[in-house]
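Just so you know, the sequences run in chain order A and B.
Counted from 1, the first sequence has number 244 at position 244 by our numbering; the numbering is strictly sequential.
Take any residue in the second sequence, note its place counting from 1, add 435, and you have its number in our numbering.
Quick caveat, the hints were computed from the structure, so don't treat them as lab data.
Please note that a few of the clues may not be correct.
Unchecked claim - Simulated pairs of lysine-lysine, BS3-like, Cα-Cα distance not exceeding 30 angstroms:
id, chain 1, residue 1, chain 2, residue 2
1, A, K114, B, K550
2, B, K490, B, K639
3, B, K639, A, K114
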Amino acid sequence: MGTVLTRAALAAAIASLATAAFAEDASDRNRFQLEIDASYVSADSPFDSWTEGGLGKLRFSESNDGLESTRVFAQYRGRIADTLSATVIADYQNDASSGIDVTEAYMDWRPIPKSANQQQVRFGAFYPPFSLENANLGWQSPFTYSYSAINTWLGEEIRPVGVEWSLRRHIGFAGSPNELRAFASAFYGNDPAGTLLFWRGWSMHDRQTRLNDKLPMPPHPIWDSTGAVVGYYDQSVEPVAETDHKPGAYAGVEWRYARRVLVQLARYENRADPYAYGGGQWGWDTEFTHLGVQASLPGELGLVAQWLKGDTYWVQGAGANGTLSPFASLVGDAFSSKFLLLTRLVHGSHRVSLRYDTFDMHREAGQPLGLEEDHGSAWTVAYRYEHSAHWSGGVEWLRIASGREPWEYFYGAPEDATETEVRVQLTYRLGVANR
Amino acid sequence: MATPAELRSSPSRSAVWILALLIGAPAAAGTLRVTVVDERGQPVERVAVYAVPSKPLAVTTGSRNALMDQAHSAFVPHVLIVQTGTSVLFPNNDVVSHHVYSFSEPKTFELGLYKGNAHPPVVFDRPGLVVLGCNIHDSMLGYVLVVDTPHFALTNPQGALALGDLAADDYEVHVWTERLRPGDMPAAKRIAVSADGAATLTLKLEGKLLPDHDRDLRTSSTLSWERY
Numbered sequence: 001m002g003t004v005l006t007r008a009a010l011a012a013a014i015a016s017l018a019t020a021a022f023a024e025d026a027s028d029r030n031r032f033q034l035e036i037d038a039s040y041v042s043a044d045s046p047f048d049s050w051t052e053g054g055l056g057k058l059r060f061s062e063s064n065d066g067l068e069s070t071r072v073f074a075q076y077r078g079r080i081a082d083t084l085s086a087t088v089i090a091d092y093q094n095d096a097s098s099g100i101d102v103t104e105a106y107m108d109w110r111p112i113p114k115s116a117n118q119q120q121v122r123f124g125a126f127y128p129p130f131s132l133e134n135a136n137l138g139w140q141s142p143f144t145y146s147y148s149a150i151n152t153w154l155g156e157e158i159r160p161v162g163v164e165w166s167l168r169r170h171i172g173f174a175g176s177p178n179e180l181r182a183f184a185s186a187f188y189g190n191d192p193a194g195t196l197l198f199w200r201g202w203s204m205h206d207r208q209t210r211l212n213d214k215l216p217m218p219p220h221p222i223w224d225s226t227g228a229v230v231g232y233y234d235q236s237v238e239p240v241a242e243t244d245h246k247p248g249a250y251a252g253v254e255w256r257y258a259r260r261v262l263v264q265l266a267r268y269e270n271r272a273d274p275y276a277y278g279g280g281q282w283g284w285d286t287e288f289t290h291l292g293v294q295a296s297l298p299g300e301l302g303l304v305a306q307w308l309k310g311d312t313y314w315v316q317g318a319g320a321n322g323t324l325s326p327f328a329s330l331v332g333d334a335f336s337s338k339f340l341l342l343t344r345l346v347h348g349s350h351r352v353s354l355r356y357d358t359f360d361m362h363r364e365a366g367q368p369l370g371l372e373e374d375h376g377s378a379w380t381v382a383y384r385y386e387h388s389a390h391w392s393g394g395v396e397w398l399r400i401a402s403g404r405e406p407w408e409y410f411y412g413a414p415e416d417a418t419e420t421e422v423r424v425q426l427t428y429r430l431g432v433a434n435r
Numbered sequence: 436m437a438t439p440a441e442l443r444s445s446p447s448r449s450a451v452w453i454l455a456l457l458i459g460a461p462a463a464a465g466t467l468r469v470t471v472v473d474e475r476g477q478p479v480e481r482v483a484v485y486a487v488p489s490k491p492l493a494v495t496t497g498s499r500n501a502l503m504d505q506a507h508s509a510f511v512p513h514v515l516i517v518q519t520g521t522s523v524l525f526p527n528n529d530v531v532s533h534h535v536y537s538f539s540e541p542k543t544f545e546l547g548l549y550k551g552n553a554h555p556p557v558v559f560d561r562p563g564l565v566v567l568g569c570n571i572h573d574s575m576l577g578y579v580l581v582v583d584t585p586h587f588a589l590t591n592p593q594g595a596l597a598l599g600d601l602a603a604d605d606y607e608v609h610v611w612t613e614r615l616r617p618g619d620m621p622a623a624k625r626i627a628v629s630a631d632g633a634a635t636l637t638l639k640l641e642g643k644l645l646p647d648h649d650r651d652l653r654t655s656s657t658l659s660w661e662r663y
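Bound conformation, chain A alone (with noise of 0.2 angstroms):
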């Protein structure tokens, strides 16, 4: 009860800030948007959730059915000139480790075009632009509550700090309908990035981390000589972490043609050191290739679709105190991961959305070799609908049907597991809505 009323007078201290905000600053200079989501929970799995470091791939457990504050978040953005502004998006979630943190700060500089070269700088801590999904404020989905098992990840674990800079240009003519965007990216941290994938395995939910979040994941299984598990430890990853003082990048192409269909080719890597152990976080190599479409469908359906593929290289008997065991080894697991999602807005407020899910992973260089570590897909169903320009809500189902080899092994768990979440959601928004 306490934590709920803490909530509440969070929730009504942001409000009446953002209130103040909006009196004082007509001009648009300073803009204040805040966003309360409460849903209601039931969820059906064997394991509980891996946000209380279980075994689950839901962001609840069983145990967690029913009011919950699922995402209270403001995001403020400030115009500091005509072509420079900084946003800052900071929430609360009941679920995560500290309080109020920040899921992404930034500048933006767009200088005015001299020609058909548009330009954009971003300098900060963002999410890089692979997701086809998360296109509302705060990055979240407009489609369903529960992000698609690669948004999920990059939500969690990608999170380059670090510049960006882009050119967008209209191909052929001014106004053209076909246009060309390239953006590029070096950054520093994100090299843990993959351990909680590694660990866990995919996952949907709607719970992005902040640039301070530590995340739970499940205990490291302790071996004896004979190779039985004879206990664990806890361990967490920090995935914003900088671990060996090296960049990474990212890069990626997209070709838009008018506002009927969007193509996205990215590649990220974040060139961690595996050996490298910085801030209590050791490094794991990790980079993918990012395939993303969308597009306007006849009987205005909607179509997203994202395929992303990539491996992450780690040091097996790499120890959480930063030791390595005589017995290190280098290993390489492949992870991969696709959506399809329809969606349809009825009469402007209803949007009803589909969602089909597949996701794998194993082990590709090391031993044992061709382990199938997490293999499996999952069905997404939402409604929603827009009552106003501050109340919205909507009922999500989900069901993620999943393999995962080593667990029997690692914590005498179930290899195959099938989840399902149900949630009706509320929402309540102050602020203008557009951008």
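Given chain A, work out where chain B should sit, using these hints.
Relative to chain A, chain B alone:
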């Protein structure tokens, strides 16, 4: 508050009206009716048509004014036709600020981040196509078509328009639409208009039509095309 449809149709009428006042409306005047169709003979909406007389235009001294509004992160009208020398006001009646610019050759300008009527009007003193953008909202696209004649209009949903109050003369009829590549625009056509007659002309747009930006804006909200 004028509706977009009113705003779209008003410039031609008012320009013709102002001109008629200035030069003294002739007792009898011709009308040119134009229909624009695509390859399959279907009418095409919002195509700009302007008729340039062969005789030099009377020099006018009055000022010409027009309005390019911004609402719901779109330029309203999407296509504004003005006569060379027209002052265009760019009010922003949106809830958010816009930063309007153009790097088009006939008029390069920039209206720094603003709301309401923060900037003086922009004078379009050279003929040609001026493509408008907003530096904040990438999907905002608008056009000011600057022409050397007071006789212009956009086709209605039936693909038709009428240019009235034309003095008897030979006219060169030009067409512009964002739905054709610049090289695919049909060549200008000559037509004679008599003092009391009604000339008719059907213009066919050859080539595949590009997407209709206005219609796309209305129907493409199923997906998100701009990210936060």
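Comparing the hints with the structure gives:
Taking the CA atoms of K114 of chain A and K550 of chain B, the gap is about 23 angstroms. The hint holds against a cut of 30 angstroms. Of the supplied pair hints, the one linking K490 of chain B and K639 of chain B holds, its CA atoms being roughly 26 angstroms apart against a limit of 30 angstroms. Among the hinted pairs, K639 of chain B with K114 of chain A is inconsistent with the structure: their alpha-carbon atoms are about 35 angstroms apart, more than 30 angstroms.
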